[in-house]
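Here's the letter readout for the chains.
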Amino acid sequence: MASNSSGGGGEGGSSDRQRIAQQRLRIIAGHLQRPADDGLIVLAAECKGQNNKTEASSEGRTVPRRRQEIMKWNGWGYSDSKFLFNKKGQAEFTGKRYRLSGMIMPALKDWFEGTFGASLQHKTPATPVLTSSAVQPPTLNEAFVEELKSTGISFSHNAEDRVFRAHGHCLHEIFALREGKFGRVPDMVVWPNCHNDVVKIVELACKHNVCLMPYGGGTSVSSALECPPEETRSIVSLDTSQMNRILWIDEKNLTAHVEAGIVGQDLERLLNESGYCTGHEPDSMEFSSLGGWVATRASGMKKNIYGNIEDLVVHIKMVTPRGVIEKSCQGPRMSTGPDIHHFIMGSEGTLGVVTEVTMKIRPVPEYQKYGSVVFPNFEQGVACLREVAKQRCAPASIRLMDNEQFKFGHALKPQVSSIFTSFLEGLKKLYITKFKGFDPNRLCVATLLFEGDREKVLQHEKQVYDIAAKFGGLAAGEDNGQRGYMLTFVIAYLRDLGMDYYVIGESFETSVPWDRVLDICRNVKARIVRECKDKGVQFPPLSTCRVTQTYDAGACVYFYFAFNYRGLSDPVHAYEQVEHAAREEILANGGSLSHHHGVGKLRKEWMRETVSNVGMGMLKSVKEYVDPQNIFGNRNLL
Amino acid sequence: MTSSFGDSGRSGPLDEEELVDILEERRRSSDLGHALRTFSPHPYKGAPTCSAADLNKAVLESQHLHYITKEVAMETGATVEEVREEASGILEEMSQNLQLGFIRLMGYPLSKVSKKLFRSIFVNMEGLNRLQQAVQENPVILMPNHRSYFDFLVISYIMFTYDIPVPVIAAGIRNTVFISPSLRCEALAGMKLVGRILRRSGAFFIRRAIGSDKLYWAVLSEYVKTIVRRGFAPMEFYVEGLRSRTLKSLTPKLGMMNMVLEPFFKGEVFDITLVPISLSYDRVLEESLLAHELLGAPKPKESTTGLLKATKVLQEDYGSMFVNFGRPLSVRDLCQDKINRCQYNLIPRDLPQKPTAEAQACVSWLAHLVVRIQEEGSVISPWSLMASLLLQAPTAVLTEEGLPWHRLTEKTLWLRRLALDFGARLNWPGGVPDSNVMQSNLVLHRSVAQRKTGRVYLVREDEPARKHLISPEEDAHRTAAAVLMMASYRNQCLHIFVRPAMLATAIHITKSGQKDELSTFFCFLQDIFSNEFIFIPGRSSQDFEEACFLLKKSGAVHISQEEVTVLDAGLEVLSFLQALLQPFIESYQVVFRYLCENGPHSFSEKQIIPALRDWTTKLILSGELHTYEALSSDTQKNVLSALRRLEIVTKSRASEQNEFGVNREAVKRIGDILSGKIPPQSLHPTPLARL
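Chains L and D, in that order, give the protein sequences. Counting in my numbering, the first sequence runs from 1 upward without gaps. Counting in my numbering, the second sequence runs from 1 upward without gaps.
Think of the hints as simulated: they come from the structure by calculation, not from any bench. Certain hints may be false.
[Said to hold, decoys possible] Derived DSBU-like pairs (lysine-lysine); straight-line CA-CA distance at most 35 angstroms: (1) L:K413 to D:K45; (2) L:K604 to D:K338; (3) L:K390 to D:K57; (4) D:K214 to L:K390; (5) D:K411 to L:K535; (6) L:K533 to L:K109; (7) D:K338 to L:K601; (8) L:K620 to D:K338; (9) L:K390 to D:K45; (10) L:K413 to L:K456; (11) L:K533 to D:K45; (12) L:K533 to D:K338; (13) L:K604 to D:K354; (14) D:K70 to D:K452; (15) D:K45 to L:K470; (16) D:K677 to D:K553; (17) D:K115 to D:K452; (18) L:K470 to L:K413; (19) D:K45 to L:K109; (20) L:K390 to D:K70; (21) D:K57 to L:K470; (22) L:K533 to L:K413; (23) L:K390 to D:K354; (24) D:K57 to L:K462; (25) L:K470 to D:K70; (26) L:K535 to D:K338; (27) L:K533 to L:K72; (28) D:K606 to D:K651; (29) D:K651 to D:K411.
Okay, chain D solo, but in the shape it has when bound (with noise of 0.2 angstroms):
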């Protein structure tokens, strides 16, 4: 059995495929003539070509839009005009207006920039060929993981510079720019200039918390739709919702996906291709950014000034960055036992209508099938390997005495051998000794760590220059910040080893060997972490059997008919993977503390977060704690979120605000069974059928 799923199997080192570095034809002709050569794609073949204008005709005048319309008048006293009014409103703020023309205008900075930030960007072409052949055949929709503001035009650069037809774009806006609808216009006058040239590139607009504006859904679902539904264009958007701040696969977000798989589900079309998409970036353009939002900093608003600040980015160097195009996915051959197409007979298939527990099920399976083919098709640096190791030492020695460059390195080169094994795509090169390697990788990340004196430090920011004295509070959140950067490089690599490193966890916890007690707590921790990991809905048997598979391979472990025996050759490798984890463990236990000891019975999101955070630090400050990971906003969240999957912290009926009660008895039992202390027991309050 092998980590990879069906056919997509991309795992195996990365010189047996066909990588063309875009930026050589770049450095060795003219950008100008790129942006004006001959654009001859071909295009999809199934319906004839229609221009967004139609589109957007087709989306006021259809039936479903019409029912919202006069059901939203009905409720809210408007007149059905009115209504119609604000429907073609949204339309027009959501709208993109793909022209080629903005494409080329795009195209000439596009390549300016991509020379001056990467070293190279490699594209398999294989998968881009792929692709030309999908995107004639069926609607495409194109999913790559989101890293970097960079993500967003670099596919539509590629796919121009290939003659395959330019995707629109769904991008998402952050919704407090729309308090009122007087106020829409003025809150995106902010980045007219920009959000005209990125909507005529192919983007649409979507608010990020839509929440229950039944006719903004109606508008964009039937706007989704339509796109879909005629084949307008290949359509691109991130499952993941957000650009990931911790380089970690996010749980896959449902909406976007309902509405684009829709038009199959009610046989609208006869397919529907998903082509996931994986990039890879040497080193992210945000590292530091991204750290302090997880500490708490606010995210700068996305304005132009915002942009213009960001060219001091420019001066660095960003290493190479990868496109993975992946196999495209058939949604009728994967959908094939899980979705009974009959189910839209009897309703118009134009009535809104909630989707059924099938469709959302098979929705969410899907998402997350595409999103751990983006993980197995992502590029591995070296840099993640060492970053996945540095981060194994105690801060402390880290930031003050460093580790001998002689161990990491020998270390790295046995992790190597491992992430092989376990089928990473790793992006090792040849042809130059191993040390080199590694130092160029320290050398690109200087930022994050520093070689001095045959050790490795890590490095923090600069103090401030301030008058008073930094306070401890800000030192510990210093230390944190340049954790947090480096461990979102390890985070590059988790998806190699999670389903391993959760076995050796338990094997640790459990300190039993008979599978079936294995097998249980594995479940456990999928259970607990499947907000912090990508697992496909259905599948912990075969991703114990996976785990089994890998931790026998790497000759850890005997594993018999029922029992899982360690060997003694193996406890390097369980050790490395339980230590790869610990991290996770920690911080999730630093809330469960939390909400049992110290926290209310009821709180807001809002509140919680920084109450967490100061609690978190008083921790470290005290010694009692030594994982400065836990200060990540983002985990804190994931544990809320798998607290409320649990239905162990529950929405407070009575609030009108987002109040949450907690079942302090059920945290701690969480805790102890995570601890070892209690053998682990249902979570459900009722069977969940999980599917």
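In isolation and in its complexed conformation, chain L is listed as follows (with noise of 0.2 angstroms):
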């Protein structure tokens, strides 16, 4: 769509806008593949008629009703996009899609070996093909699908896109289909096209007592999709991916109104298309929706423009069992009680179905630059990020990542030199030289994203690096900073390469006061560490950690943590009981349960001491006002 807003670019803004908006296509949601539209299921005609009102790009979308013709079912991603290590040994990243892919790592066995102690001799490879046949067969409520045929609604309950439905990303969760084995999955998916839509479905269920659970993108990481097993009712997956418009953008106000449904590359890429964008971020944008955002409090890497979710929405529209929620207006702020948004915002699908958001956009910015600073050791990084938060210049993003994050990430390096060099040698060879006096063993490095325009884009650079430099930082060049930030959508394919070869691991995180980063950070890491040794694992473990959001009180960390399991009997447990504790440690260091993740039902069992008596009773008369039936009874949160 053309922009004609009134936006101060001149003559050249327009155009320049527009081309900047295809940079951004080709590096953040470039070389995706239209889906096919399979076309199997009519449309419910109601709400294709409400279309001619909106401005909405039609663009082909990313997720199709069958997530399986492009979606691995027992991994991270697209079907075609994986880690592998090749006949040579070698790792090689296949597929298209992204930057990495095509590329050989030579690196990352040394790495991956030497880490883990794990061996390229011992694989673990995963049930190849899902088997229809081991998914138990759905308990249907017929007067619920009687009345849904009528309304037009399509929906399916086929083995393949129950099991789809039935899980995000845990470690567990994955674990589990890798070896074939299914729970308690839906009964059946329902696929509304709009609010209309859902207002019927949640409805019915209401009437024929069904159980809801809506699902968005899939890319939970706290057991939020998990069907409770004790659930007798039908259970129907209310999957909102087709519900993916933009329906109209207010130039104005600088807002756009969107389905819930819309997963985040294709509402960036649609928007860019007018020369805006929201900005919002999250590592799993590629997949995760809008809806799921709202849902559990979502947090993107460029907060420090933009905001988080909570300062992003406008408006929201819910169906809950008891009607629609909404506001009346679209005031910037409100002085009316408690806001409702933040009984919807976090609600983790327990309340009812995100249908519309109403949220800000900003024009896409003129100018983007990546960079990277190289510390001597994690304490001085942290002691920068917390100057930079305390000055409050931070830019779009800063990260910081530990020494085992650093060697991890060159490890991923595409290239080397000689494919004799070892990887550490190679390393100390280039930070002794580079980097006199810092110890590779120790160094860490922060990766930055500037965003704006131009100039000033370039004075506030010089501001961090200034500051930067008062902590021993040594500016390390744009290439690192870009590397940083591409991997993050890389690596989570990583895993499923680990578990091809006997590792396991995840990713947590949590927020903390200024203080508490540094001992949070080392506590939690040794925590994981001796965890391990008393389940006996048989291999140190990976226990790494990174700072990614910076506040003024205080700062997102996120930890990683992969195990060689080999000589266990029940990794999946062992891991359970090591994650569980490092929970607890965060907790016993200030930190809290969690900064975006959500609760879901993972962390469910520590809400009471985290909101107190008084906040968990609240929390339950909202849920028992708006859902007496316990229709979305997904039992996440509480």
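With the hints in hand, could you dock these two chains into one complex?
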């Protein structure tokens, strides 16, 4: 769509913006094949009818109803993209979608074997195909199905469709799938096309006492999508993926009204075409949906400029068993009692289905620049981030990786000058010559992303590098920074590679006051190492962290841990015990239960101590009022 | 069930362990060479090393000290600058200045002196190896018991010898020295040289009674915590607070322990490793000094000249010394269910805060645990068993007729079996006839007991050459000094017997066989005596079970579900055990009686100890009391502490001084329970949450 807004860009502004938009398309969401529409199921005519009043682009969407056409059933992301060790023992990333696609990473094998004590000889391949017969037959509520048919809303009780919607991406979920094991899965899947479809579905569910579980992008890491085993009613997965249109863009107020099923990459791509963006870029943005962000209080890496989801949302429409909840106007701030949006945000699908959201949008920034800084140690790095936060001059994104992650990043470098140099030697050579006096086993790196006017970006960049210098930080180039962010999108694929070779792992996050950042990082990492040892893990685990967000009063910290489970009889159980202990450690060190992943069922046991008895009571009473029949029975959060 | 805690198990005969005599090497090779040896320890991996000056700077710049400085300035009207100056002065007075050069400098004379004093210094190598490992992983706290001034540098000496980072050591200095800031330097000047050497050997100085000096507390605790946080060096301190004059473990002091543990509670370190260390001496250098102190002779000032006078000590034989490095304890593991670390989430961690009841209980529990492990790790000498038996004879017999040697031999061998049954680490050399072992022990302790014509006598100090006749009081004190000296050696093995002895006493006094009745009386005894012996809070029922188990094991009793039946064969064991506790019971009764009958309604501690001594002396002279041990001022103080703990003796509100009031009725009741006149009842005015 044409951008004829009064943006101050002058004559060339519009074309410039479009050029940048094109570029961003390539960077963030490019190389995506347009999925073939199967046309299996007839769309509801009524919703289509609504389309004419929208300006929304109807370009192809990423997510088809049949996810299996482009996505793995037992791993992360697209079927065509995966890491593997080729016949020469070199790691390679398949497919064409990403910058890393088709490349060879010679150092990864060394790092992988050295870090985990793993060996390419010891494989643990996944069950190759999804055996439908292994899925328990659906328990259908016939009356519900009959009435649903009459609405024309598409649905399915195909085993594959159901399995796809029975899990998120927790380790235990993927591990079970790889072994071909399925627990309780939804009995059917429905695909509403618009808000009104959802209203009908919810009405029918209430009428026939059916359990509804909203499903967006399926990227949860909190067991949120796990069907409660004690649920005896028919479970219907409400897949919002077909509600993926931008219904309108308001260029005067810079807002867009969007259906909640749209996934991040589509939203950005479509807005970019109009010269806008939301700037909301969670690491899962390729697959996670707007509704999911709202339901879990998501956070994007560029929140320093654009804000987290709660800052971005102007208006929310949600369908509940009691009816539709929404505000009467779009005022930017209100003093009208507790903000009802905050009952919705973070409700994790327990109260209803978010159908439409009005979000703030911004013109696509003129200029983007990556950067990186190497610090002599993690302590200095944290001190620098703290100072940056204090001076409130954080770039769009600033992330600090610890030494282990820094090494890991290097292991993923596509080409090393000589394949005969071992990974660590190369690292030492590089960094001892480049950063004199830095200990390669202690140094750490911060990656930066600046956005805005060219001039301001350059100014800003100088300010940040000046601060970094005070903490012994040395600029380490744009390339390192850019690779850091690119890896964000492929890192999730790596877990699948590990799982092919006895290595399992996971990441989890927290938020913590500044004065406790170093303590929590040290203690949680050490706790993981100690727990692994206690649980009989034979090799020291990978236990690493990074600071991914800065706030005035604290930071968001991510932990990654993985270990080689050879010799363990029940690796998933051991893994879960370690993660549990790590979470206890986080809480004991003043960290929060979650910064943006949410609670789901995985972290439910700590909710009461997190929000107090009264807080728990408040939340419960809202649930009781809104959904007395527990139609939205995924049993998350409470 | 055994008497050891968790995995600390160091019970059992000594010869199963690898003990190395570190003096052996010193006798073979050059002491100078040793002092100049290449020292290459593996330091703590958790943090980069920093200098003593960096450490002090970090303390003065800490947020915690900023808060306190401001507070103190507000309260006193001084400027923040002035208060900061004062804090800096306190730190200067306190801080160590650990330098390897001075360790070397100390190493040389220490080698010489050690060889002169001791036949051997045995160290358990396994413990040392574990320590070497532990030091690299987490901040380490070395927690030795304190029996002699010699304790002070011996651990540093050993660690230096075995390439383990040398510790910084918390050393107490007496408070009277610090009347005013201007006097400080002057008073220290007396020990200037020694002080400086000690400082550079890693000692840092703490005033004994800090009281309510807020700034001092703040500087000290920040200093200690910074050392722990940074893993600057292993830290050594005496959890008993003082050198034990009775050679019996002292109730742990919690102030320092609190400071040391706080960095873990607040998440500033991942874990802290506690290493209990048991130092055992065959013969203690200060034995007669200690006995006189207990009888009220003032403690000599710790002055340089005083130390020089101690050189006459060098001419004597002190047998062997044992240093047992206990298994490293992970504070994290031990505190797992005892402390909720989330309690520190809502207040800045630097903010001065009183420890919560939960934290205090946890600290107290840990401190008691460590002292118990120290006890278990200490080595019992044959002499300790002999002293226990000798003291069970009437004092008059010991001083006048003597005890037949063959009888003592027979009983000692019997007691050896019992002690081993109870899990003692007994240093009874093999390959030598038992009578030779005993004889050589007696020779080593000829200052306390001597054998003449087949009988063993208590040795009293020579009468001072005076013109006038020695008064009966002075004479009694001479006997008491000898008894107390001997008692201190008995005390070395008390922890082995105390639990079964309390059960034996309970059986004797209640005349009951009902397990629950015995258990009630047992708990009563623990309540009364918990300032006297070390009981881990919250473990009474386990302690009782342990006592039952040991008595049963020794064949003294039969135990069924609900009853304890005394066996004929066990009478000897029971009467020995009961007699072991008897002097304590009598000493306590004397104080109770004094408080009920003669004592004033209110008193200060300064007045009451001499008054008690006079009164007790009179009782002894009149023949009413035979227990000379009742003259020990430490025991008397323990009784008063127990009564204060039970809120029977309370601080009078009105007075500024430490004046106490007594609830005579309650004292009488306790006395009556203790003598079996009335059954035990709750001693606590309110149900006390003793963890």
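For each hint, the structure was consulted:
no.	hint	result
1	L:K413 to D:K45	holds, 30 angstroms
2	L:K604 to D:K338	holds, 24 angstroms
3	L:K390 to D:K57	holds, 24 angstroms
4	D:K214 to L:K390	holds, 32 angstroms
5	D:K411 to L:K535	violated, 51 angstroms
6	L:K533 to L:K109	holds, 24 angstroms
7	D:K338 to L:K601	holds, 28 angstroms
8	L:K620 to D:K338	holds, 31 angstroms
9	L:K390 to D:K45	holds, 31 angstroms
10	L:K413 to L:K456	holds, 31 angstroms
11	L:K533 to D:K45	holds, 19 angstroms
12	L:K533 to D:K338	holds, 23 angstroms
13	L:K604 to D:K354	holds, 33 angstroms
14	D:K70 to D:K452	violated, 70 angstroms
15	D:K45 to L:K470	holds, 26 angstroms
16	D:K677 to D:K553	holds, 31 angstroms
17	D:K115 to D:K452	holds, 31 angstroms
18	L:K470 to L:K413	holds, 29 angstroms
19	D:K45 to L:K109	holds, 28 angstroms
20	L:K390 to D:K70	holds, 24 angstroms
21	D:K57 to L:K470	holds, 20 angstroms
22	L:K533 to L:K413	holds, 31 angstroms
23	L:K390 to D:K354	holds, 30 angstroms
24	D:K57 to L:K462	holds, 32 angstroms
25	L:K470 to D:K70	holds, 29 angstroms
26	L:K535 to D:K338	holds, 22 angstroms
27	L:K533 to L:K72	holds, 33 angstroms
28	D:K606 to D:K651	holds, 14 angstroms
29	D:K651 to D:K411	violated, 47 angstroms
Violation of the numbered hints given earlier is confined to hints 5, 14 and 29; the remaining hints are satisfied by the structure.
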